[in-house]
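K.L.:
Residue strings, one per chain:
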Amino acid sequence: MTPVVQMQGVTKVYRSGSGSRTVEVHALRGVDLTIGAGEYVALMGPSGSGKSTLMHIIGLLDSPTEGEYSLGGEPVRGLGEAQLARVRNQRVGFVFQAFFLLPRLTALHNVALPLVYRGVPVAERLKRAKKALESVGLGDRLDHLPSELSGGQKQRVAIARALVQEPDLLLADEPTGNLDSKSSDEIMALFDALHRQGKTIVVVTHEPDVGARAQRIVRLRDGKVAEGSMA
Amino acid sequence: MNPAKNASQSPPQASLSGMNPLENFRMAFESLWGNKLRSFLALLGIVIGVFAVTAMISLGQMATAGITQDLEAVAGRSIFVQPNFNEGQDFSSAPIREEDLQALQALPVTVIPQLFTSIQYESKPGERRSMQLQGTPGDLPRLDPTNKIARGRYFTDLEARGGLAVAVLSDRAAKDLFPGREAVGQVARLYYPGGARIDLTVVGVLEPPSGIFGGYGSSATVYAPIQLIWNTSPTARRGEYAFVILPLKKGADAQQVTRQVQRIFESRYGKGKYQVQSTESFQGTLRSVTLILQALLGAIAGLSLLVGGIGIMNIMLVSVTERTREIGLRKALGATSGQIRQQFLIEAVVLTLVGGLLGVLLAAGLLLLITATVPFFKVYILSPTTVFLALAVSALVGLFFGVWPAARAAALDPIEALRYE
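Quick mapping for you: the protein sequence lines, in order, are chains A and B.
Using my numbering, the first residue of the first sequence is number 1, and each one after it goes up by one.
Using my numbering, the first residue of the second sequence is number 1, and each one after it goes up by one.
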């Protein structure tokens with residue numbers, strides 16, 4: 001089966017300044033990484049290890065300086081801005097530490113948002129959003145605004161928003177970073193359940209107990225995969 | 001990488017057209033509605049600008065209509081012929097003669113020859129004042145309906161031909177000659193500048209002319225039979241007239257008949273001896289004056305639209321900065337830069353369109369109020385063209401001043417945008 005994430009020799013160099021004063025930062029120094037369908041992977045490493053950069057490249061928010069990357073079997077090299085947006089919309093479901101729900105939209109409309117950019121008609125969009133919210137146990141909070149929800153509920157809305165895309169990959173960046181321990185447990189239990197349903201999940205975290213829930217831990221150090229690059 | 005080329009290769013599902021256009025308008029309304037006070041303040045400039053432009057254009061049209069109506073009430077659709085005094089000749093050097101009138105009879109006009117002379121009356125014992133004595137044919141109100149009898153009657157054709165000592169007074173003349181008394185039935189005692197006296201029996205008084213030209217027509221004038229003036233005046237010569245009014249018959253083309261009249265006088269006396277004018281040529285002059293005024297005021301009003309547009313740009317820039325994280329999120333969820341640009345452009349256009357709509361409504365209200373209260377503005381004019389133009393201009397202002405903020409929003413890097421605090 002085609003791996004969801006396949007990376008070979010991915011580097012990322014940030015340049016700042018100009019001329020002789022150019023400063024180069026090597027965030028990634030040749031990353032090989034394969035994540036198969038249905039895997040639950042934790043991406044860990046100290047700050048400055050390059051895990052955020054790697055996450056951005058996996059999520060198509062950034063592109064590698066060198067190396068090959070295929071997402072869901074589709075090579076991303078040479079894709080334009082609009083095409084990257086399309087692939088992102090269809091293959092990647094983001095879950096952020098700070099939830100990033102639009103404050104003036106109800107839970108239902110927040111969840112339906114990614115489908116707007118796919119041209120799904122309103123009725124169909126809301127139907128799918130409702131189903132996604134029900135699947136995370138928020139069927140009774142459809143018309144609530146984010147301000148009327150608890151932290152754990154907000155993150156579940158965000159997860160529903162990722163699920164509604166039916167993505168190849170659920171990409172969560174410190175999903176429990178803003179939550180108390182009880183809510184964290186809830187969210188981690190939800191990820192476990194999604195994993196059992198066969199979803200492919202990558203969680204970026206620095207918390208050992210969050211990482212411990214995953215099937216496999218990929219550790220980054222100094223822009224390289226120190227451990228767990230292959231299943 | 002060529003984003004434009006790549007975008008065109010992507011399947012239609014992901015292209016801009018994949019998004020329902022109404023979607024963008026709905027989103028724009030939602031976002032503007034969420035910030036009601038700010039949105040309202042931002043579009044105030046547009047409201048005022050569109051209001052000013054719309055009101056200016058419509059008031060100009062209403063003024064033109066008002067002036068045209070007033071002019072028609074005073075002068076009808078008429079052609080006027082009088083000797084040209086420009087070359088410093090004496091009043092009687094180029095009179096209009098009986099033969100000229102005969103030639104004019106062939107045209108689709110009523111021929112009303114007139115005669116003017118100065119006359120005096122005794123306001124107090126020993127003190128004389130001047131007014132105008134005007135010789136006309138009998139039954140003038142029938143020939144030229146812009147003259148209306150207020151009291152009494154006009155002298156008849158028979159009385160006029162007989163040169164009887166009868167007179168009709170203008171409203172002013174009646175008040176001057178017989179202050180506080182009914183003029184009809186009185187005898188007006190008048191003196192020619194040389195001293196010769198005539199006593200005329202007043203048979204009627206005319207209505208004062210209406211509208212803004214009322215002042216122009218409300219001179220103190222005594223109307224008497226032409227025959228009588230020829231018989232009594234020391235200066236007037238029999239068979240010669242000073243002025244001809246030619247009210248056009250129904251369906252006659254003013255310009256064409258004016259040229260025909262000009263040709264008749266030119267063929268008889270040569271170029272430049274007589275002045276031939278029509279009420280339509282006055283109207284044309286008035287129209288061009290109003291048009292210039294309208295353009296001037298419109299330009300000033302347009303400036304306020306410019307200021308309003310800059311206000312929109314400012315608020316859109318603020319909005320883009322404030323919503324940096326929203327933009328980052330939308331991009332992460334799969335919005336293309338084009339879709340983000342479109343969202344903010346449409347927001348700016350919706351903002352200015354709503355402002356334009358409010359401005360037009362305000363202008364419509366003001367125009368209604370003015371029509372109801374200012375007598376000069378008789379008709380209410382707010383043409384669909386004006387409304388369409390006002391709305392189109394406000395949409396264009398939104399588009400123009402929305403381009404830069406929208407481009408800034410579209411250019412945001414999603415990673416940076418999501419990190420923005």
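Keep in mind that the hints were calculated from the coordinates and are not lab data.
Keep in mind that this is a model prediction, so the values were computed, not measured.
Here a beta-carbon is modelled for each residue, glycine too, at the ideal position from N, C-alpha and C.
Incorrect hints may appear among the rest.
[Said to hold, decoys possible] According to the in silico footprint, chain B covers these stretches of chain A (three or more CB under 8 Å from chain B): (1) 19 to 25; (2) 54 to 61; (3) 95 to 106.
[Claimed, not checked] Calculated from the model, a selection of chain A residues having no Cβ within reach of chain B, i.e. all distances over 12 Å: (4) M1; (5) Q8; (6) R15; (7) E39; (8) G67; (9) G80; (10) V87; (11) R128; (12) E148; (13) G151; (14) E186; (15) A189; (16) H195; (17) Q197; (18) D209; (19) I217.
K.L.:
Compare the structure with the hints numbered earlier in the document and write down the numbers of the violated ones, lowest to highest.
P.N.:
1, 9, 10
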